[in-house]
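Below, each chain spelled out in residue letters.
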Amino acid sequence: MDMPTTKKKLGIKERYALMTRGLDWETSYQPMDKVFPYAQFEGIKIHDWDKWEDPFRLTMDAYWKYQAEKERKLYAILDAFNQNNGHLGVTDARYVNTLKLFLNGISPLEYMAHRGFAHVGRQFPGVGPRVACQMQSLDELRHAQTQIHSMSNYNKYYNGLHSPTEMIQKVWYMSVPRSFFDDAYTAGPFEFMVAIGFSFEYVLTNLLFVPFVSGAAYNGDMGAMTFGFSAQSDEARHMTLGLECIRFMLEQDPDNIPIVQKWIDKWTWRGIRVLTLVAMMMDYMLPKKVMSWKEAWEIYFEENAGALFNDLARYGIKMPECAKQAFIDKDHISHQAWATFYQYSGISNFHSWLPSEEDKDWLSAKYPDTFDKYYRPRFEHWEAEAKEGRRFYNTTLPQLCQVCQIPMIFTEPDDPTQICYRESDFGGEKYHFCSDHCKHIFDDEPEKYVQAWMPAQQIYQGNCFPEGADPTAPDFNAVEEVLKYYNIHNGRDNMDYVGSEDEKNFAEWRQTSTKN
Amino acid sequence: MQLDLRTVTIKPLRQTFSHVARRIGADKAASRYQEGTFDLQATMNFHYRPLWAPDYEIFDASRTAIVMADWYKLLDPRQYYYGSYTLARARMQEAAEADFALVEDRGLADSLPHAVRRLAMDLYLPLRHLEWGGNTNCMSLAAYGFGTAFTSPALFHAMDHLGMAQYLTRLGLVLGDEAELTAAKQAWVAGPEWQGLRKYIEDCFVMQDWFELFTAHCVVLDGLLFPLFFGEIDTHLAAQGGGAVLSMLTRFEAEWFIDATKWTNAVIKNAAGESAANKAQIESWIGTYLPLAQAALEGPARSAFGAEAPAVIEQLTEQFSARLAKLGVSTAQKG
Chain X
1 MDMPTTKKKL GIKERYALMT RGLDWETSYQ PMDKVFPYAQ FEGIKIHDWD KWEDPFRLTM
61 DAYWKYQAEK ERKLYAILDA FNQNNGHLGV TDARYVNTLK LFLNGISPLE YMAHRGFAHV
121 GRQFPGVGPR VACQMQSLDE LRHAQTQIHS MSNYNKYYNG LHSPTEMIQK VWYMSVPRSF
181 FDDAYTAGPF EFMVAIGFSF EYVLTNLLFV PFVSGAAYNG DMGAMTFGFS AQSDEARHMT
241 LGLECIRFML EQDPDNIPIV QKWIDKWTWR GIRVLTLVAM MMDYMLPKKV MSWKEAWEIY
301 FEENAGALFN DLARYGIKMP ECAKQAFIDK DHISHQAWAT FYQYSGISNF HSWLPSEEDK
361 DWLSAKYPDT FDKYYRPRFE HWEAEAKEGR RFYNTTLPQL CQVCQIPMIF TEPDDPTQIC
421 YRESDFGGEK YHFCSDHCKH IFDDEPEKYV QAWMPAQQIY QGNCFPEGAD PTAPDFNAVE
481 EVLKYYNIHN GRDNMDYVGS EDEKNFAEWR QTSTKN
Chain Y
517 MQLDLRTVTI KPLRQTFSHV ARRIGADKAA SRYQEGTFDL QATMNFHYRP LWAPDYEIFD
577 ASRTAIVMAD WYKLLDPRQY YYGSYTLARA RMQEAAEADF ALVEDRGLAD SLPHAVRRLA
637 MDLYLPLRHL EWGGNTNCMS LAAYGFGTAF TSPALFHAMD HLGMAQYLTR LGLVLGDEAE
697 LTAAKQAWVA GPEWQGLRKY IEDCFVMQDW FELFTAHCVV LDGLLFPLFF GEIDTHLAAQ
757 GGGAVLSMLT RFEAEWFIDA TKWTNAVIKN AAGESAANKA QIESWIGTYL PLAQAALEGP
817 ARSAFGAEAP AVIEQLTEQF SARLAKLGVS TAQKG
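First to last, the protein sequences are chains X and Y.
Quick note: the first sequence, position 46, residue 46 per my numbering, numbers continuous.
Quick note: the second sequence, position 273, residue 789 per my numbering, numbers continuous.
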């Protein structure tokens, strides 16, 4: 028997190949298409999984080592921040409302990403993408948990953060981010990768994750900032995975190109609609603003994504058509969204407020073509009304778009004074949309989108009252019952920031910690 | 001696999140494990059904025959959330790395008797494929299981199996070379002694009930396989002149099983303890898979122990039955 005494030194690539794809085998006791039942139905053709280029080469031992080091640092900083009442160092307690949006609306999506990548990490027949997706699944669990842990201390002192796992499943506006992820999860594994791996993690992440983390950094929140920076190297890995996945699908078969293009179009628009919440956060909710939504859009989408789509042109992939509307919408959506939350803050888990004089001037400067003309008058009208004791709360539930589930608040691309309404008939029913692009998404898969759990309709159908509520009782108060179902504490979690418990406590506590 | 460092104290409005407080009481501060686990998975108001599994909701408790009034009874006694999990594995990894480094730096593999080195490669290298199969099966648990209390540790388990497949690959590269890995794959795919295990694992790949899969792979198969390979066979190889060298190269696997058993034990104990129906279902699954696992392990056990193999497996089965009996589950064949 020969035992080599001097061995050939393996290169990193060869070694990594042995550590991953060398592990796989062709099953024979069970047929491969039964072992991987979801690999074909979307019509994506893969001829050779070995053509997959590993976007990063990380074995588990190295993963544990690096990630544990990051966790040690992150939790040490969190502990120090909490022990030192770091929350009192933020610019203003209004800032905490961005965390309410994040913890309730985004962190549960990180969890969904974890489960979604677990699913595709089980189902892809190729070992290379499977291992990469598994690591992303693990990372996404990390992000869900570190976000909860970072904001846990805020929950102890501020309202509106106490029920993220419940609110994402119940509260009206939460169906916007949630249906986005439910949509991706319920699609096939390849579409999931285009939706989340590419469109969300690659094209749009700088417009979602980054504004929150930068917002934290600008507003003195070391807790939230630290998890953001700690997640940065994970996100970089996820971006390379998303891009590699697109490249791989496009190179495997020319028949894949139109399918991938359709998914990119769909998911870019779905993502852009969800980002309305971020736009509003950047322009209206951050006491110290990082940049305007419009500026962020121009840098991160028009410039960066523009360059990306130029690169993808060689595969025959084009910039999604919807970018044209988004180019117009960038001047409008943040104002339209904040105006909506101002009206509906009676049933929201965070506070609203009208922009100050200084804020309005900033908005005028950042949105010279639209703010003074269309939106300043609206806010000033409400300001005058509030001064007269008529603070306007809208108590009529809005009509929602069947696809993105945002209330029909967006205007016609060529006329900012007209609300944009589109509709389709399906199965004898009429369905409503906020835009041509949402209508188009519906028309392509109506069987899917008719299933949506529409919060306004659900309330009217009586499905959003706590158990035991009696809508026929004479003193039945529908709004109060819905708030109970949402677990929104009326008078504490909702309505105006001015006069809120958050405002009062923050002022008192800051006093305690700075004065004798 | 104690130092009395003073900080500004503000009375918090609440100790933890509502859903955590409902479980542990509102007056207690929650642990990071609790806040990072309880109720993270959605259970209601799903928007769409999976195109690829329209009979089910996105997360659906009816994907298993096991019924729990509260799926968050299946807690992990190790209290692993991502941070505590990676820290625990990083410590094990560091120890394993030091052992690999020592074996490699001192050329200890060359001190092994040829026959022992050969046997170790014949037995351990095909296992890297089995570990990859373990990864595949545990990914199913993480994806389709119900409740974060179970699915998070299932994902950790899956990644551990990948890690062990990689450690076994490294063991192959220390004891042999790439050609040995190729030969071991050939043995896994076609060698008669491995076909029982390969069939067992491939049958697991297509199992639809995730708790059945958990029982078949994580409880029954791993429950015999790890004590066989990293207990009995390890001792045997050491006695044949392998000394501590091979134990050093499989240290991670041996330590992992001790850690992993804390979790699998707790899941079985709590699920079986929930109802007579759960207990009967789990016992029925064990009744099905235990004989299959025993038979599947006989091939490799024979390579090590020859005619003694059935007795070794019988002894491991007794230990396994004693372990399960402590959890309130009987492995005795019924009827």
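Worth flagging that the hints you see were computed from the coordinates, not collected in a lab.
Here the structure is a predicted model, which is why all the values come from computation and not from measurement.
Be aware that a few hints might be false.
As the list claims (entries may be wrong) - Incomplete in silico selection of chain X near chain Y, CB under 8 Å: (1) Asp79; (2) Asn82; (3) Gln83; (4) Lys156; (5) Leu243.
Claimed, not checked - Subject to a maximum C-alpha distance of 25 Å in a straight line, what follows is the list of computed DSS-like cross-link-like pairs (lysine-lysine): (6) Lys65(X) <-> Lys795(Y); (7) Lys515(X) <-> Lys527(Y); (8) Lys484(X) <-> Lys544(Y); (9) Lys701(Y) <-> Lys156(X); (10) Lys34(X) <-> Lys289(X); (11) Lys289(X) <-> Lys366(X); (12) Lys13(X) <-> Lys701(Y); (13) Lys778(Y) <-> Lys589(Y); (14) Lys13(X) <-> Lys65(X); (15) Lys701(Y) <-> Lys34(X); (16) Lys262(X) <-> Lys45(X); (17) Lys156(X) <-> Lys439(X); (18) Lys156(X) <-> Lys544(Y); (19) Lys9(X) <-> Lys842(Y); (20) Lys262(X) <-> Lys324(X); (21) Lys156(X) <-> Lys484(X); (22) Lys366(X) <-> Lys439(X); (23) Lys504(X) <-> Lys288(X); (24) Lys156(X) <-> Lys51(X); (25) Lys430(X) <-> Lys448(X); (26) Lys318(X) <-> Lys51(X); (27) Lys515(X) <-> Lys504(X); (28) Lys51(X) <-> Lys701(Y); (29) Lys65(X) <-> Lys45(X); (30) Lys65(X) <-> Lys262(X); (31) Lys544(Y) <-> Lys527(Y); (32) Lys9(X) <-> Lys65(X); (33) Lys544(Y) <-> Lys589(Y); (34) Lys318(X) <-> Lys45(X); (35) Lys504(X) <-> Lys527(Y); (36) Lys795(Y) <-> Lys589(Y); (37) Lys288(X) <-> Lys156(X); (38) Lys715(Y) <-> Lys34(X).
Using N, Cα and C, we set each Cβ at its ideal position, and we do this for glycine too.
ask   = Of the numbered hints stated previously, which ones are contradicted by the structure, given in increasing order?
value = 1, 2, 5, 6, 9, 10, 17, 19, 22, 24, 29 and 30
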